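S.K.: The listed protein sequences correspond, in order, to chains A and B. Under the working numbering, the first residue of the first sequence is numbered 1, with each subsequent residue one higher. Under the working numbering, the first residue of the second sequence is numbered 131, with each subsequent residue one higher.
Hints in this document: simulated from the structure, not taken from any laboratory. Model, not experiment: these values are computed from the prediction. One or more hints might be untrue.
Stated by the list, open to error - A few chain B residues that don't get close to chain A, going by computed Cβ distances all over 10 angstroms: (1) R148; (2) T224; (3) C235; (4) A294; (5) D347; (6) T418.
Said to hold, decoys possible - Computed from the model, here is a short list of chain A residues facing chain B with C-beta under 10 angstroms: (7) R5; (8) D6; (9) V10; (10) P27; (11) Q30; (12) T35; (13) T39; (14) A46; (15) T47; (16) A89; (17) S91; (18) P94; (19) A99; (20) A101; (21) G103.
Note that the Cβ used here is the ideal one computed from N, Cα and C, for glycine as well.
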Amino acid sequence: MFDGRDPIYVQIADQIRQDVLRGDLQPEEQVMSTTQYATTFRINPATAAKAFAQLVDDGILYKRRGVGMFVAPGAPDRLRAEGRETFFAESVDPVADHARALGIPLEDVIARLRAHAARTAGAEQDGAAS
Amino acid sequence: MSAPLGVEARGLGVRYGRKVALGGVDVAIPAGSITGLLGRNGSGKTTLASVAAAFRRPTSGAVLVGGEDPWENEDLLPRVLLVRESGDVLDVETLRTNLRFVEDCRPAFSREVAERLMDRFELDPDAKPQKLSRGQKSAFGIVLGIASRADLTILDEVHLGLDAPSRYAFYDALLEDYVEHPRTIVLSSHLIGEIERLVEHVVVLDHGRVLLAQDADALRVTGVSVTGPAREVERFVVGRTVLGRQQLGGTAQATVLAALADGEAAAARAAGLDLGPVPLQDLFVHLTADGAADAARELGRAR
Chain A
1 MFDGRDPIYV
11 QIADQIRQDV
21 LRGDLQPEEQ
31 VMSTTQYATT
41 FRINPATAAK
51 AFAQLVDDGI
61 LYKRRGVGMF
71 VAPGAPDRLR
81 AEGRETFFAE
91 SVDPVADHAR
101 ALGIPLEDVI
111 ARLRAHAART
121 AGAEQDGAAS
Chain B
131 MSAPLGVEAR
141 GLGVRYGRKV
151 ALGGVDVAIP
161 AGSITGLLGR
171 NGSGKTTLAS
181 VAAAFRRPTS
191 GAVLVGGEDP
201 WENEDLLPRV
211 LLVRESGDVL
221 DVETLRTNLR
231 FVEDCRPAFS
241 REVAERLMDR
251 FELDPDAKPQ
261 KLSRGQKSAF
271 GIVLGIASRA
281 DLTILDEVHL
291 GLDAPSRYAF
301 YDALLEDYVE
311 HPRTIVLSSH
321 LIGEIERLVE
331 HVVVLDHGRV
341 LLAQDADALR
351 VTGVSVTGPA
361 REVERFVVGR
371 TVLGRQQLGG
381 TAQATVLAAL
391 ADGEAAAARA
401 AGLDLGPVPL
411 QDLFVHLTAD
421 GAADAARELG
431 RAR
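Given only the sequences and the hints, what does the whole structure look like? Please build it.
M.R.: Below, the structure is given as C-alpha cells:
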C-alpha cells in the first residue's frame, strides 16, 4: 500500500476519493481521524493531515469542530463529475492505443465492454435477490 | 514548560584528534517533526546526535537546541534525550530501579507508558541489564526513549537488535505516543525502507557533511525508475541525472532524478515506458555511493 509514484499524501487522498466513489464511505459518514489513520497505516501523522487537508480544500470532506471529519453531502457527485473528465484521457485512450498495438479491432473491445457490463449487472441482481 | 525542541547546527565541526567527524555542518531539524537521520557507517550521525544532546562539545561552530546552547544547560537537558544502542543504563540495578532513576530526572516521564511497553516487549522489571539479550536491551532503550516524552528525543540505532515483529511494535508505540504528545523525534536507522513512511523530514549525512536535508515526501518523488524498450529509455534519460542503469536484452531500466510534469509522464507512457517509484532506500544507496555527490547536489538544488 502507498507504493505508487505520487507523494504518499496524494495516494492517501486518492484512496479516500475511491472509497467515496465506490460508496464504501457515504455522505455524512465520519472518516478516520488523522491519528487513527497514521497509527493504522504506520505513516507520519503530518503526512496524513496533509491528505485530509487537501480533501477538505477540495470539498470532499468537511470538519465538525471537536467531533471529526465527515464526507461532504455532494462529494460523490463532485467526484463523478471530475472522474468523467479524466476517465477518457487516462483510461480509455490508453486502452485504444494498446488494442491497436495488439491488432485488436475496436469492435471487439466494445463487445467485451458490453459483455462485462452485462455480467456485472447480472451479478448485482443476483446479489439483490438473495 | 514543554514544547517540541528543534535543532540547528551552524558551521558545526567535530574532530577526534586528526579525524574529522563533522566538517562544518549547517542543518536544521524542524521542531515537532519526526526526522530520519540517515547515513552510512562513519558518516557522523552519532556525533551529530551526541553534540545535540550535549554528550560532546563541538570543536568549532555551534549547535542550538530550541534556540539555546545545550552544553551544561540545566534547564534544557532534562527535556533532551539521546538513547544509544549501548543503552546507557546501570548494569547492576534492576530495570525497575533504572526506570525510577530515569523518572526522577525526566519531568515528562510517563510511568503508565513505561509499564505498558515493558509488558509489550515482555521485559521483566526484576531483571538486570547485564542479563538481557541484545534484543531485550534494545527494547529497554525504546521503553526509556518513548516513556520519557522528552521534547527532543534522539533514538540512535536503538532498534537494531530487535526482530521484525518487535520493530513494528516499536514503530506503532512511537507513533501512538507521538500523536498524543507531539515532540521532536530524531530517528537514526539503517532500515530506511521500514522508517520512510514514519518520517516527515530527512537528513542524510555523508563523510561528515550534509548531503541533503528535506521533506521526505518531496525527496521520494524526485526519483523515477523508467523501464521499457532500451531505445526509448535512452531517449528519456537524455539531459537527466542517471543514478543507475540496467539492461536485459532490448529492455532497459534507468533510475533518474526527475520531477516530472504531467505531460512528460503521459508522453513517456505513450512511448511504451513504465514509470515507477524509487524507494528511499534505493535513492539513499545511489546518493551515498562513491562519486555520487554531484547527483546529491543537483537534488539539493532541485527542491
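S.K.: Answer holds if the nearest beta-carbon of chain B is closer than 10 angstroms to that of A101(A); otherwise answer violated.
M.R.: Interface hint status for A101(A): holds (9 angstroms vs cutoff 10 angstroms).
S.K.: Tell me if the interface restraint on T47(A) is satisfied: Cβ within less than 10 angstroms of some Cβ in chain B.
M.R.: 6 angstroms, holds
S.K.: Should the hint that D6(A) touches chain B count as held when the rule is a Cβ pair under 10 angstroms?
M.R.: OK, holds: D6(A) within 10 angstroms of chain B, min 7 angstroms.
S.K.: Is the hint on P94(A) kept, meaning its closest Cβ partner in chain B is under 10 angstroms away?
M.R.: Hint holds; P94(A) Cβ to chain B Cβ min 7 angstroms, cut 10 angstroms.
S.K.: Is the hint on S91(A) kept, meaning its closest Cβ partner in chain B is under 10 angstroms away?
M.R.: Violated: closest Cβ of chain B sits about 12 angstroms from S91(A), beyond 10 angstroms.
S.K.: Once the shortest beta carbon distance from A89(A) to chain B is found, is it less than 10 angstroms?
M.R.: 8 angstroms, holds
S.K.: Checking a non-interface call: every C-beta of chain A should be farther than 10 angstroms from the C-beta of D347(B). Is that right?
M.R.: D347(B) not clear of chain A: closest Cβ-Cβ about 4 angstroms, inside 10 angstroms.
S.K.: Answer holds if the nearest beta-carbon of chain B is closer than 10 angstroms to that of T39(A); otherwise answer violated.
M.R.: 5 angstroms, holds
S.K.: Go through the hint on V10(A) and say holds or violated, using the shortest Cβ distance to chain B against 10 angstroms.
M.R.: This hint holds: V10(A) lies near chain B, its Cβ roughly 9 angstroms from the closest one there, short of 10 angstroms.
S.K.: Should the interface hint for T35(A) be scored as holding, given a Cβ-Cβ cut-off of 10 angstroms against chain B?
M.R.: At 4 angstroms from the nearest chain B Cβ, T35(A) passes the 10 angstroms test, so the hint holds.
S.K.: Find the nearest Cβ of chain A to the Cβ of R148(B) and say whether that gap is larger than 10 angstroms.
M.R.: The claim stands: R148(B) keeps its Cβ more than 10 angstroms from every Cβ of chain A (closest is about 40 angstroms).
S.K.: Quick one: work out the minimum CB distance from T418(B) to chain A and report holds if it exceeds 10 angstroms, violated otherwise.
M.R.: Given a closest Cβ separation of 22 angstroms, the condition holds.
Hints 5, 10, 11, 17, 19 and 21 from the earlier list are contradicted by this structure; the remaining hints agree with it.
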